[in-house]
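Enquirer: Chain by chain, the residues:
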Amino acid sequence: GENVEQHPSTLSVQEGDSAVIKCTYSDSASNYFPWYKQELGKRPQLIIDIRSNVGEKKDQRIAVTLNKTAKHFSLHITETQPEDSAVYFCAASWDKGAQKLVFGQGTRLTINP
Amino acid sequence: DSGVTQTPKHLITATGQRVTLRCSPRSGDLSVYWYQQSLDQGLQFLIQYYNGEERAKGNILERFSAQQFPDLHSELNLSSLELGDSALYFCASSVAPRQDTGELFFGEGSRLTVL
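Chain order of the listed sequences is X and R.
Counting in my numbering, the final residue of the first sequence is number 113, and the numbers go up one at a time with none missing.
Counting in my numbering, the final residue of the second sequence is number 228, and the numbers go up one at a time with none missing.
Only chain R is shown next, with the shape it has when bound in the complex (with noise of 0.2 Å):
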């Protein structure tokens, strides 16, 4: 158990729609970083906070939104969605602001099925 929650776990909806996936980080880490990993394919980074603040973007959507809160926990945010959307997206945890400090700790992922 890496200490990182992810919720829901599977999620089914239809195109069009939007959903919200949640993550709760490890006990006193500061930066949550939100992954997308679709069939076969590598782990395509989309956005980093820190202590409730955007750090870094990757090629996330402009349909696709995140926001940390004051409690660390973080949501994102998927709307109009599309069947390319389907992926299993993960939550990563880390105390450092950086991304090359250590080891980012990855929840177990929420897969989203858009048909």
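Chain X on its own, in the form it takes in the complex (with noise of 0.2 Å):
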């Protein structure tokens, strides 16, 4: 079935420096990719999103590389701020039968000044 597998759980870096995030997934029917961003008891929102057509897409200091042959795709923060401490949530969407978004567990990073 569908499943998104998210590594690592948890990550932890020095302000300035980047952070990686990886996801793999199962099925190669996959067409969407979005990264979710929860700051501690606030709701998910979302903070870029990446298509099956695109290798890679960046947004000031994050982006997202996909590489369908190997079905995986990562985050990338860089010159990383305080700010950017959060659970990071990549997700995955099927276009086939009762399509459906499925999260990854989520990877809690840790910004230390």
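Hints are computed from structural coordinates only; laboratory data are not their basis.
You may find that some hints are simply not true.
[Said to hold, decoys possible] Derived pair list, reagent style EDC-like, types lysine to aspartate or glutamate, alpha-carbon separation capped at 16 Å:
no., chain 1, residue 1, chain 2, residue 2
1, X, K42, X, D84
2, R, K122, R, E188
3, X, K71, X, E5
4, X, K71, X, D17
5, X, K42, R, E221
6, X, K58, X, E79
7, R, K170, X, E2
8, R, K170, R, E188
9, X, K42, R, D114
Using the hints, put the two chains back together into the complex; each one sits in its own frame.
Expert: Below, the structure is given as structure tokens:
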């Protein structure tokens, strides 16, 4: 069935360094890959997304890369800041049957000053 | 503020009881989704409604049910509650019927504690 694996579960980096979170998905029919950020006690919010016909997408300090052959996609955050501390969720959507969005287990990112 | 309203914010109840969680989507959004987030767990998709009709189903237990009303608000009913049902329940909404057409707007969640 549809499955999304996310690694690492926790990540701690020094302020100013880069952070990378990786996800793999199980079904080659996936076509949409969003990333959501959930600050402590808050709701998840979309930060960036990518579709299967694109290999990379950037938005200021964040970028997402997609490798459809290997069935994995990654979130890159450069020049990390304290406000980047949050739980990040990747997700994948399947374009068949009862189409739905499946989330990874989340990565708790801590930025150390 | 996402525009999605969930009530109640917090709910404490006992095992075996039944509760109803309510969600009002953003103005103009026709799709409503329900997700369960247990401690240190990801977002588990439960069910989606689009314009009053069930659109997609995830890992929703038979003890749980949902519906979307003509005014587009949705309710998630949880019955015969067990300790393991304690979680944060999120509602999200979007304009389109498909979950890959853009952002899902989440509410602040309803935290359910079953004692």
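Enquirer: Tell me the numbers of any earlier hints that the structure contravenes, in ascending order.
Expert: 4
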